[in-house]
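Undergrad: The lines below spell out each chain.
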Amino acid sequence: MISLAAAASTGEAVQFWLLGIVAVVGALGTILMKRAVHSALSLAGTMIVLAVFYLANGAYFLGVVQIVVYTGAIMMLFLFVVMLVGVTAADSLKETLKGQRWLAAGLGLGFGILLIAGIGNASLKEFNGLGEANAGGNVQGLAALIFTKYVFAFEVTGALLITAAVGAMVLTHRERTERARTQREQSEARVREGKQVPPLPAPGVYARHNAVDIPGLLPDGTPSELTVNPTLRARGQIRDVSRESLAELKALERRSEDWLGRGSGEQPEAPPSGGASPKEHKEGAKK
Amino acid sequence: MNPVYYLYLAALLFTIGAAGVLIRRNAIVVFMCIELMLNACNLAFVTFSRLHGNLDGQIIAFFTMVVAAAEVVVGLAIIVTIFRTRHTASVDDASLMKL
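Residue numbers (our numbering), protein chains in the order written: chain G, 1 to 287; chain U, 1001 to 1099.
Check each hint, because a few of them may be wrong.
Claimed, not checked - With a straight-line cut-off of 25 Å between C-alpha atoms, the simulated SDA-like cross-links for lysine to any residue are:
| no. | chain 1 | residue 1 | chain 2 | residue 2 |
| --- | --- | --- | --- | --- |
| 1 | U | 1098 | G | 99 |
| 2 | U | 1098 | G | 239 |
| 3 | G | 34 | G | 48 |
| 4 | G | 98 | U | 1095 |
| 5 | G | 34 | U | 1088 |
| 6 | G | 125 | U | 1092 |
| 7 | G | 250 | G | 239 |
| 8 | G | 195 | G | 177 |
| 9 | G | 149 | U | 1054 |
| 10 | G | 34 | U | 1044 |
| 11 | G | 98 | U | 1066 |
| 12 | U | 1098 | U | 1080 |
| 13 | G | 125 | U | 1088 |
| 14 | G | 34 | G | 125 |
| 15 | G | 98 | U | 1022 |
| 16 | G | 98 | U | 1091 |
| 17 | G | 195 | G | 212 |
| 18 | G | 149 | U | 1066 |
| 19 | U | 1098 | U | 1088 |
| 20 | G | 125 | U | 1044 |
| 21 | G | 149 | U | 1064 |
| 22 | G | 125 | U | 1095 |
| 23 | G | 34 | U | 1054 |
Stated by the list, open to error - Listed next, the stretches of chain G that the computed footprint assigns to chain U, with coverage defined by at least 3 CB atoms under 8 Å from CB atoms of chain U:
| no. | region |
| --- | --- |
| 24 | 111-118 |
| 25 | 139-148 |
| 26 | 179-190 |
| 27 | 195-201 |
| 28 | 209-222 |
| 29 | 226-239 |
| 30 | 245-259 |
If you are wondering where the hints come from, they were derived from the structure by calculation, not from laboratory data. All values reported here derive from a predicted model rather than from experimental measurement. All C-beta atoms, glycine included, are put in the ideal place defined by N, C-alpha and C.
Work out the full structure: start from the sequences and follow the hints.
TA: In structure tokens:
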């Protein structure tokens, strides 16, 4: 690994082009995915690729820290907040400023061209390589620098971290200012409101589906949305099985009757709209 | 391989992140784009470190990571607080100080 000297090998070039494409795709996914969870996962992929690049560039300590801190801690914190916030916080698609999206894309493109043209003008030939600097070990080298040349920045970083931790606690902590309502008060309020006095009905269809995302059926066979968790309702993840499973059952019965030979001499398949007609045919055939 | 390719990649990632900050309006996604920009800078720092053959670039990248961690903690706390009071995470709706 110390041979990461001046010239980079062809292996590294292959690795760069393969993983570079993954990194760019992940970055594009971050800004183009509609759901925040997908954005977070794309960004985690990009960060893992960057960790590999750090390792390839001789920054062994940073590569490991990138995986532990970024993909391990920061992205999981993001996912945690998405879980807290994201359910009802869909990105609205209507534009507040007219043409803002295209203007932003154009500005981004111009900025990118400017940046890449600037880099293209620089005359960079070869890596000097970290062989000398990493000779006593990468971590040892970094430690020697942190605790001598950069010791003041290191101290200030400690103060920053403490401030951030205290700030996060102050911001998210909520003091309860009023007394919690007792069960008696809650039930009295429920009766006075008069909307839903008994407990909410349970989801699921008896003896067939008892998953929480399947609404229970009312006496007339229509699904009742009240039985499904409001979070699933907000996400639009209600699975309505009653109608399609009834149609499936009907088709199965018809096919089995065909198989048993009772339905001989009739059309092989009837459209679902005329579901009642085959039965009449069959009854006529029996007679 | 020329070191400039790593810098091109860093510039590209930074540009994508900047465009994302301008385009997206979900505060959490905007925050992720800022993280992407910080990561792109880190890649450039690490590349420069190898280019010049000393470890100072890696030290700066390390400090960037620490600052990014602190920033994420405070920023996400702010987003959660705004969401609690206003029931939205869209950056358009946080307009209390608008005249």
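Undergrad: Hint by hint, note whether the structure agrees.
TA: Against the structure, the hints:
no.: 1; hint: U:1098 / G:99; verdict: holds, 21 Å
no.: 2; hint: U:1098 / G:239; verdict: violated, 43 Å
no.: 3; hint: G:34 / G:48; verdict: holds, 22 Å
no.: 4; hint: G:98 / U:1095; verdict: holds, 18 Å
no.: 5; hint: G:34 / U:1088; verdict: holds, 16 Å
no.: 6; hint: G:125 / U:1092; verdict: violated, 46 Å
no.: 7; hint: G:250 / G:239; verdict: holds, 20 Å
no.: 8; hint: G:195 / G:177; verdict: violated, 28 Å
no.: 9; hint: G:149 / U:1054; verdict: holds, 13 Å
no.: 10; hint: G:34 / U:1044; verdict: violated, 29 Å
no.: 11; hint: G:98 / U:1066; verdict: violated, 38 Å
no.: 12; hint: U:1098 / U:1080; verdict: holds, 21 Å
no.: 13; hint: G:125 / U:1088; verdict: violated, 50 Å
no.: 14; hint: G:34 / G:125; verdict: violated, 41 Å
no.: 15; hint: G:98 / U:1022; verdict: holds, 13 Å
no.: 16; hint: G:98 / U:1091; verdict: holds, 16 Å
no.: 17; hint: G:195 / G:212; verdict: holds, 23 Å
no.: 18; hint: G:149 / U:1066; verdict: holds, 18 Å
no.: 19; hint: U:1098 / U:1088; verdict: holds, 17 Å
no.: 20; hint: G:125 / U:1044; verdict: holds, 16 Å
no.: 21; hint: G:149 / U:1064; verdict: holds, 17 Å
no.: 22; hint: G:125 / U:1095; verdict: violated, 50 Å
no.: 23; hint: G:34 / U:1054; verdict: violated, 42 Å
no.: 24; hint: 111-118; verdict: holds (count 4)
no.: 25; hint: 139-148; verdict: holds (count 4)
no.: 26; hint: 179-190; verdict: violated (count 0)
no.: 27; hint: 195-201; verdict: violated (count 0)
no.: 28; hint: 209-222; verdict: violated (count 0)
no.: 29; hint: 226-239; verdict: violated (count 0)
no.: 30; hint: 245-259; verdict: violated (count 0)
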